[in-house]
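*Asks:* The primary structure of each chain is shown beneath.
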Amino acid sequence: MPCVAVVDTTFARVNMAEEAIKVLKRKVPAIKIKRYTVPGIKDIAVAVKRLFDEGCDAAITFGWVGPTQTDKYSYLAMSIALQMLQIQYGKHVIDVTVHEDEASGEKLKEVAIMRAREHALNLAILLTKGPEGLTPLAGTGQRQGWPDVGPL
Amino acid sequence: MPCVAVVDTTFARVNMAEEAIKVLKRKVPAIKIKRYTVPGIKDIAVAVKRLFDEGCDAAITFGWVGPTQTDKYSYLAMSIALQMLQIQYGKHVIDVTVHEDEASGEKLKEVAIMRAREHALNLAILLTKGPEGLTPLAGTGQRQGWPDVGPL
Amino acid sequence: MPCVAVVDTTFARVNMAEEAIKVLKRKVPAIKIKRYTVPGIKDIAVAVKRLFDEGCDAAITFGWVGPTQTDKYSYLAMSIALQMLQIQYGKHVIDVTVHEDEASGEKLKEVAIMRAREHALNLAILLTKGPEGLTPLAGTGQRQGWPDVGPL
Amino acid sequence: MPCVAVVDTTFARVNMAEEAIKVLKRKVPAIKIKRYTVPGIKDIAVAVKRLFDEGCDAAITFGWVGPTQTDKYSYLAMSIALQMLQIQYGKHVIDVTVHEDEASGEKLKEVAIMRAREHALNLAILLTKGPEGLTPLAGTGQRQGWPDVGPL
Amino acid sequence: MPCVAVVDTTFARVNMAEEAIKVLKRKVPAIKIKRYTVPGIKDIAVAVKRLFDEGCDAAITFGWVGPTQTDKYSYLAMSIALQMLQIQYGKHVIDVTVHEDEASGEKLKEVAIMRAREHALNLAILLTKGPEGLTPLAGTGQRQGWPDVGPL
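Residue numbers (the numbering used here), protein chains in the order written: chain A, 2 to 153; chain B, 2 to 153; chain C, 2 to 153; chain D, 2 to 153; chain E, 2 to 153.
Careful: at least some of the hints might be erroneous.
Copies of the same chain look alike in the list, so a pair counts if it fits in one copy or across any two.
List time: in silico DSSO-like cross-link candidates among lysine-lysine, alpha-carbon distance up to 27 Å [what the hints assert, rightly or not]:
no.: 1; residue 1: K108; residue 2: K92
no.: 2; residue 1: K130; residue 2: K33
no.: 3; residue 1: K33; residue 2: K108
no.: 4; residue 1: K92; residue 2: K26
no.: 5; residue 1: K23; residue 2: K130
no.: 6; residue 1: K108; residue 2: K23
It should be emphasised that the hints constitute simulated quantities derived from the structure, not laboratory data.
So here's chain A without its partners, still in its complex pose (with noise of 0.2 Å):
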C-alpha cells in the first residue's frame, strides 16, 4: 500500500490537490494519502520532508508562482530543495508548478486543474510500474495542462 504526500499552499488560486488525489485514489486504490497545506512555495519541501520521514513513499506538489522575477527565484529555490530531497530519500517528487505567466483566469484555471490531473497520473504510472512504466512515451513531446506536442 503505497503512501503518497500531497502537498499544496494557500498562496494558489486553484485547489489542484483535491484533482490528483482523485486521479491518484482511482488509479491506485489501495493508495494511502498524506496532505500537508503550506503557505507558499518555500514552504513545500519541509512538508515533504516531514511526510517521507512519516513513511511516504513519494509526494505530489503544488506550487504557484507570480509573475515577478522575485517569484521566480523563489521557484528556483524551492526546485533545488525539491531536487535535494529526492536524492537524500531517493523517492520521487512531482513538482507541479503553475506559472501565473503562463495564461491568465479561465485558462490558467484549466492549466493548473490538467496538469495536477496528468502529473498524478504519470505518478500512478511510476508508483506502479516503475522505471520502465513511462518509456513507451520517451520522447513523444508529452506536455501537462497544456496539449501534447507530439515527437519531431
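Since the structure of chain A is already known, use the hints to place chains B, C, D and E on it.
*Replies:* Then chains B, C, D and E, alone, in the frame of chain A:
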C-alpha cells in the same frame, strides 16, 4: 510549550519581528520566543540554525531586500539556505521577506507589518493544528501584505 | 561489466536514449544498461540516484528544456542536482540536454540525435580509457550536436 | 579569547581586511585574528572552512565583484557556499562584498572602507553581546558603506 | 610532495592545462600532477572529487563557457559544485574559467593562456607559502588574463 525562533535584521526598515511576536503570543499563549537580530539577510540562516540547536521547534524570519539584481541574488542565496535548514531539521522556517521594489514609503511599511502579522498567524496555525490546519484555505489565493486574490 | 544508467523524459521530443544506447552497446559490448523514463527534467536526478544505488557505475541523462526563463531555472535546478549526485557518488553523469531555443524542427531533431550519440561516445571513452582517455582532445573545441569549432 | 577568521582577496582593489582588523582589535581586545588571502571570491569559502577547522569562532570575508553578469553568478556561487558553511558550523560569516557597479574611483574606495569597518563592528557586537546585541537596531534601516536610511 | 589534480575539457578551445602544468612544475619541482580530461564544464566537479579521493591536495580546473544564458547557468551549476567540493574536502580548487564573451580569436587565446599561467602561480604560492602567502597582494587589484588594475 513550543519554542519559536524569531530572526530579523538591522537592515530592514520596519520592526516586523515585534508585530509577529504579538500575534504569536496572542494565538499561542504558551509559546516561548527566542529572538536573534543580525545585520542582513545573509546572516539569517546561521541564526536560525543556532536557535534550532537550542531547541526551537520552528522559526519565522524577517528579511528586507533592496531593489538591485545583486540584492536579488543575495535573496536567492538566503532562500536556498533556509530551504536546506528546513529539510535538515524538518522544522518550518516561515520566511517573511519584503522587497523594496514592491512598493515604497508608507505603503511599503504597511505591507511589511501586515505580512509579518499574517505569516505569524500562518505559523500559529501550523504549530497548533498541524499539516491539515491550513487545508481549508488550500488553493484560495491567500496573500500576505497585499489583499487576498481569491480562487480562480 | 560496467552498468550505465540511462534516464530520459516523456517531455523530450526525440528519443535520444535509444540513439545513445546503440552507441554504448557498440563501443562497450559488455555494458549493462538500466533505463528509467520520467516525466520531465526535474525528475531525472532521483532516477539516477536510484540506479546508482542499484549499482550503476555511471549515468547518461537526456533532458529537453523549453524556451522560457522558467524552463531555464528548472534546467539550473536539475543541473545543480546532477552536480551534487556526481560529487556524492564519484560517478559520472553525462548530461545531454537539448534547449528549444537552439534550433527548431528537423534541425533540432538532428542536434538532439547527434548530441546523444557523441556524448554516448564520450562516456564510452571515459568508461574504457579512464581519466586521460579524452586528454588527446583537451582544448580542441569539441562540440556535441553542432560541428566542432576546433582549437583557437 | 574569540578567534576570528579574516579572509580577503588579491582581486579586491582596497585592503578592507586591514580596516576591519583594526576595528575588531579595538572592540574586542582579546581577539585572535587568523588571516587568509586568496585570489578571488570563489576561493573564499574553502579558506573560511580551513580556519573554522583550526578553531576560529566566526569569520569576516572581503569580496570584490566585477560588473558583468558572469561576475554576479560567481558572487551567487560564493554566497551559497558561505551560507552552507554557516549552517554546517553554526558560526557567523559576515560577508563584506563590494560590487563594482555600486560606485567608482574614490567613492567606491570609501564605500569599501566604511563597509569593512561597519561590518567589523557588527561582528564585534555579535561576538560580545550575543543574539540580542543588535536587537535595539532591528528594523532601523542600517546600511554599511552608505548612509543609514532609517526606519520607515 | 603535493599532488595537484588538473582537470580540463575537450570543449575548451585552448589547452590551458598544459600551460598551467609547466608553471606548477617550475614553481613546485616536487609536485605530482594527476590529469583528468572531461567533455565539458558540468563534468569537471566529479573528476576533481575522484582525484581528491585518490589523495590530491588541491585542484586547478579549466572551464570554457559559451556566450548564451544557458551556458551561464551551466557555469553557475559547476561553480556551486566546486564550492561544495572545496568546503567538503577543505582543499583549494582554483577555477580557471574562460568566457567566450570576454574576447574573441587570438585575444581570447591569449587571455586563456595568461589566465592559466597566472592562476597556476597563485596555486603554487598557496601550496608553498600557505594562508598568508598572498597577503602582500591583498586588495591590490590583481587580474588573471587581463592586466592588473591596481589598488584604488
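*Asks:* Would you mind marking each hint as holding or not holding in the structure?
*Replies:* Here's how the hints hold up against the structure:
| no. | hint | in the structure |
| --- | --- | --- |
| 1 | K108 <-> K92 | neither (32 Å within a copy, 36 Å between copies) |
| 2 | K130 <-> K33 | both (17 Å within a copy, 21 Å between copies) |
| 3 | K33 <-> K108 | neither (31 Å within a copy, 46 Å between copies) |
| 4 | K92 <-> K26 | within (19 Å within a copy, 29 Å between copies) |
| 5 | K23 <-> K130 | both (19 Å within a copy, 25 Å between copies) |
| 6 | K108 <-> K23 | within (21 Å within a copy, 41 Å between copies) |
The structure fails hints 1, 3 (numbered hints given earlier, in ascending order).
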